[in-house]
Every structure is written in C-alpha cells, then in structure tokens.
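Q: The residues making up each chain are set out below.
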Amino acid sequence: MEYFVHIGILICVYGMVALSLNLVVGETGMISVAQAAFSGIGAYVTALLLLALGINFFLAVILSMLAAGAIAFLVGAIFTRLQEVYYVFGTVGFNVILYTVLLNWNSVTRGPLGIPGIPRPELFGFIFSDNHMFLGLALASLAAIYGLCTFIKNSSFGRVLHAIREDEEATSVFGYATHHYKLAVFTIAAMFTAYASGLYATYISYIDPSTFALPESIFILAMIILGGLSSTRGAVLGAFLLVILPEALRFVGFPSDIAAQMRQMTYGLVLVLLMLYRPQGILGKFRI
Amino acid sequence: MQKEILFSLQNAAVHYGGVKALQDVTVRVEEGEIVALMGPNGAGKSTVLKTIFGLVQPVRGNVLWHGQKIHPKPYEMAGRGISYVPQGRQVFKNLTVYENLELGGYALAARNDLKGNIESALRLFPALQGKLREKAASLSGGQQQMLTIARGLVSDPKVLLLDEPSLGLAPKIVKEVFEKIREIHEQRKIAVVIIEHSIKSVLAIAQRVYVLAEGKIAFDGTPDTLKSDTLERIFLGQNAR
Chain A
1 MEYFVHIGIL ICVYGMVALS LNLVVGETGM ISVAQAAFSG IGAYVTALLL LALGINFFLA
61 VILSMLAAGA IAFLVGAIFT RLQEVYYVFG TVGFNVILYT VLLNWNSVTR GPLGIPGIPR
121 PELFGFIFSD NHMFLGLALA SLAAIYGLCT FIKNSSFGRV LHAIREDEEA TSVFGYATHH
181 YKLAVFTIAA MFTAYASGLY ATYISYIDPS TFALPESIFI LAMIILGGLS STRGAVLGAF
241 LLVILPEALR FVGFPSDIAA QMRQMTYGLV LVLLMLYRPQ GILGKFRI
Chain B
1 MQKEILFSLQ NAAVHYGGVK ALQDVTVRVE EGEIVALMGP NGAGKSTVLK TIFGLVQPVR
61 GNVLWHGQKI HPKPYEMAGR GISYVPQGRQ VFKNLTVYEN LELGGYALAA RNDLKGNIES
121 ALRLFPALQG KLREKAASLS GGQQQMLTIA RGLVSDPKVL LLDEPSLGLA PKIVKEVFEK
181 IREIHEQRKI AVVIIEHSIK SVLAIAQRVY VLAEGKIAFD GTPDTLKSDT LERIFLGQNA
241 R
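Chains as they are written, first to last, in this note's numbering: chain A, 1 to 288; chain B, 1 to 241.
Bear in mind the hints are in silico, worked out from the structure with no lab data behind them. Possibly wrong hints are sitting among the right ones.
Claimed, not checked - In silico DSS-like links for lysine-lysine, alpha-carbon gap of 27 Å or less:
| id | chain 1 | residue 1 | chain 2 | residue 2 |
| --- | --- | --- | --- | --- |
| 1 | B | K20 | A | K285 |
| 2 | B | K115 | A | K153 |
| 3 | B | K216 | B | K180 |
| 4 | B | K175 | B | K189 |
| 5 | B | K93 | B | K20 |
| 6 | B | K93 | B | K3 |
| 7 | B | K200 | A | K285 |
| 8 | A | K285 | B | K135 |
| 9 | B | K115 | B | K180 |
| 10 | A | K153 | B | K135 |
| 11 | A | K153 | B | K189 |
| 12 | B | K131 | B | K175 |
| 13 | B | K189 | B | K69 |
| 14 | B | K69 | B | K93 |
| 15 | B | K135 | B | K115 |
| 16 | B | K131 | B | K115 |
| 17 | B | K175 | B | K73 |
| 18 | B | K3 | B | K172 |
| 19 | B | K135 | B | K189 |
| 20 | B | K175 | A | K153 |
| 21 | B | K20 | B | K3 |
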C-alpha cells in the first residue's frame, strides 16, 4: 500500500509541474525545456528556508514561488523575445546554467552532496509525516493547480495565449503586446512549478542537483506531449502514464541482469510509437 | 475644402537583406477616403502597409500620424485607431468566430463597447451570425475573409488597412467582399487603404490610387486619370482589364 501511496504522490507532483508547463507549451506554443530549473529553484529555496530559518512550510513555499517567479521574469524578459528554435535553445541553456550553479555553489547547495533532512510540512501544529496524509495534501494541491490552470485557460488572458500560439504577429496587430503575455505565463508557470517541487522536497526529504538536470525537463515536456498539448486533463494523464509506465514495466518479467535497460528501451519505444501514430498526444488537439 | 491628412509615409526606404523593397516611397491617406495600392507581385505594396503599421522598420523615411512623426509599433497602432487586416485570411482557426471577434476589440478604450461593436460588425456580415460558436476553421474561405474584416472593425477604427482581401476567393465572393468594403466606407466614413490585384474591382471603389513598381511609386492620382496603357506598362504586359 505504501508503494501505491508513493506513486500517487509522485503523480500529483509531476501532474502539477506538467500542468504548469502546459500553460507555456500547450496554451501559448512556446517550447520551453527549463521546467526542471524552476523546479530546482522551488525545491532548494524551500529546503534552505525550512532548514536555515525554521519557518513554516507554507511561508517557505510562497517565498520559493516568489524567487522562482522573479528569476523567470528576468530570464523570460530575454527569452520571450526569441522565436521558435532560438527560444528552445535559450531555455535549454538556462536549465544547464541552473544545474551547474546547484552543483557547484557548495556553500549554499552543498553541491553533489545535496540537502538531507528536509522536514515535512506543518499546518496549525499538524505535521504531514504520514504518507497517506501527505497524499491528501498532494491531491488537494493538484486540484488547486488544476483549477487555476483551467481558469487561466478559459479566461480572456488564456484566449490571447491561444491566439499567440496560432499566430503571434496576427495577435499583435490588434494591439496586444504579445511578449508581455508570454512573459506573464512563463512567470506563472515557474511559480506553480516551484510550489510543486517545494512539496516534493519535503516529501522526499532529500534533494540533489541531479533531480533538476536537463533530462528532467525533457521528461516533463514528454508528459504534456504524451497527454496532449493544450489539455489540462492531458497534462495530468501524461504525468500519470509516465510515472506509471516505468513502474509497470517492473512486472513484465525481464531477466534481472538486463531489466533496467529493457525498461528504458520499452519506455522509449512507447514514446516513439506514440509520436508516429498520434503526435498530438492522447487528449490533445495540437501538434508542436 | 481639403481634408485632413490622417497619416503618411514619407520618403521611406525598406531593405530585406540586400533587396530594396521600397525606395523613396511617399504615400498619404486623408480622412475618410479609399486609397488603392496596386502593382505587380513584389512591387512592395504589402511592405508599405507593414511599414505604416510598424511590422517592418524602414532604413530611411518617416511615418507621420496627424502630422506628428511616430515610431510605429504594431501593438500601439491599434490604439491609434488603425486596423490592419493582413493577407491570407489570418483567422485564429482553433478559436470560435465570436472569440476571434473579441480579440479584435482589445484596442477599445471602453471595454463596455465590445459587445455593441461586435454586434455592429455582425450586422455588416450577417452570414457570420449563425456561426458564432463554431471554430473559425470550419468557415469557408469567403466567410473567413468576412471574419477578418469584421474583426478589424470591432475596435471601431479610423483607418482600415486591407491587404489583398480577395486573394484566393471565387469571383462571386470577391464581388461580395468589395460590396462590403464600400458599405463599410459609406456607413462608417473611415479611411480604407486597400491592396488589390483585382484592378477593376478596386478602381470602382477607390478615390485615389498609388501604383508601385520595383519598390517605387510609378503613379499617384485618381482612378479616372490612370490610363490603361500606364497599367499595362507597369504590369509588364499583363491584362489589366
């Protein structure tokens, strides 16, 4: 049972990050490969505030969201003026820089040793030390982020994002300063991601830079493409499937000496087949 | 009495890399007139509109708005009362017809006017009335063109810039589009700048004509002073009638 609770918490965390990234990629059409970087900012700022200052988790995570939002605003001011492939490489570069900083800023992040002993969240004296209770918190958080993303998608702001995705130049001729909208959604997505990763840090109680490297950003991007771009349900479904799939492959019965490699290959094959036969993803309507 | 000059492009030069798209081009538009921009493919007609709207930056020359020099930016021009309808029926295909119309109203100073302006635009294009909840992609080519023009009117502009509104449309629909442009002009008294290959259609509604050739103004005058041999010479022997 503990195993399923653990998987459930991971699905919730990845679901929130995927929902955030979907605002940028699915709704606005900007292919960002930097979500793990904002995840890293959220997790490290939360962990450091909890351990160094001993403040309440919810205050720490709000501060981590503000930190991630501020950094996203600064880098986004540059990136959102880039087009297509230049934007993609800009975000890749940012993720690499952030990972390098986490790895080498030993005095703050402890470098490759990571940060252990991150305490669980506490609310009005109640500590979410039990994993079942933590799952409840993760589910409530997922529901809140899901609701916020749905609200944004259906708002007039969301409609402008959709128009930018379809034709940015045509959108600007009506008077929309499109780069302001792109910057706003990039910042919002970074803040939502920071919340999810702050929660993750307290659940897993240990973080190190490898969790926030470039492959993690690609993994999150794969979730929203698999689930379907511009679909809030699709983002959660993609997170569910990509968390479940490697776990399910444990039970396929591969010989133990090659099981890990076979799982990786099977997982890769499923993604390739999906892109060949349903490139818009399971619930999506748009292709990259 | 001479009408006020709304805006003008003065001595503009635009280069795309090594290609000189415009050379020393001057175009002026007065209040409430219909101005046609004509010329063969590659003459620089669309570049004129894009330069006025700030989508292209000139290497020389100025844009004047009510006599004042401005540095146009697309997202500011809508606020000045200029509505640009680019060529190629650029509707937002995955948004509904109504959502497309709503997007056209961003520049309105009073947001309360949005609904009324959409209704007013729809009265000109009743064919769109029954399709407001449908995706724009489901409209026919002619209906999509009507939608782009209607969307351009939602902000209640003083000037409408139309880049080849008849492109790719059947002759019957082209006639309908031009009737609508005339109707818009008569009802709203707004200035219209129109790029058009359908010479007969555009000369029938225009009050002044600029003909461009190889990035330069080859003719500037009224339709009745534009001789057919001038057009034939400019269009390099293409049938102008």
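Q: Hints first: check each against the structure and report whether it holds.
A: Status of each hint after checking the structure:
Using a Cα cut-off of 27 Å, the hinted pair K20 (chain B) and K285 (chain A) is violated, with the two alpha carbons roughly 41 Å apart. A distance of roughly 21 Å separates the Cα atoms of K115 (chain B) and K153 (chain A); the hinted pair therefore holds under the 27 Å criterion. Distance hint between K216 (chain B) and K180 (chain B) is unfulfilled; the C-alpha atoms sit about 30 Å from each other, more than 27 Å. Taking the CA atoms of K175 (chain B) and K189 (chain B), the gap is about 21 Å. The hint holds against a cut of 27 Å.
For the hint linking K93 (chain B) to K20 (chain B), the alpha-carbon distance of about 34 Å lies beyond 27 Å, and the restraint is violated. The suggested pairing of K93 (chain B) with K3 (chain B) is violated, with an alpha-carbon distance near 39 Å, which exceeds 27 Å. Of the supplied pair hints, the one linking K200 (chain B) and K285 (chain A) is violated, its CA atoms being roughly 42 Å apart against a limit of 27 Å. Taking the CA atoms of K285 (chain A) and K135 (chain B), the gap is near 13 Å; set against the 27 Å cutoff, the hint holds.
For the suggested pair K115 (chain B) and K180 (chain B), the alpha carbons sit about 21 Å apart, so the restraint of at most 27 Å is met. Of the pairs offered as hints, the one joining K153 (chain A) and K135 (chain B) holds, with about 17 Å between alpha carbons and a cut-off of 27 Å not exceeded. This hinted pair does not check out: K153 (chain A) and K189 (chain B) have alpha carbons roughly 38 Å apart, beyond 27 Å. Annotation: proposed proximity of K131 (chain B) to K175 (chain B) holds, straight-line Cα distance about 22 Å (limit 27 Å).
Restraint check for K189 (chain B) and K69 (chain B): the C-alpha separation of about 25 Å stays at or below 27 Å, so the hint holds. Taken as a hint, the K69 (chain B) and K93 (chain B) pair is broken in the structure, with Cα atoms around 36 Å apart against an allowance of 27 Å. The straight-line distance between the Cα atoms of K135 (chain B) and K115 (chain B) is roughly 19 Å, inside the 27 Å bound, and the hint therefore holds. Distance check on the hinted pair: K131 (chain B) and K115 (chain B) sit about 16 Å apart at the alpha-carbon level, within 27 Å; holds.
For the suggested pair K175 (chain B) and K73 (chain B), the alpha carbons sit about 33 Å apart, so the restraint of at most 27 Å is broken. Between the alpha carbons of K3 (chain B) and K172 (chain B) the distance comes to roughly 34 Å, so the proposed pair goes past 27 Å and is violated. With a C-alpha separation of about 31 Å, the suggested pairing of K135 (chain B) with K189 (chain B) is violated against the 27 Å cut-off. Pair hint K175 (chain B) plus K153 (chain A) does not hold up; C-alpha atoms about 39 Å apart against a cutoff of 27 Å.
As the CA atoms of K20 (chain B) and K3 (chain B) are separated by approximately 33 Å, the hinted pair breaks the 27 Å bound.
Hint violations for this structure: numbers 1, 3, 5, 6, 7, 11, 14, 17, 18, 19, 20 and 21, all remaining hints satisfied.
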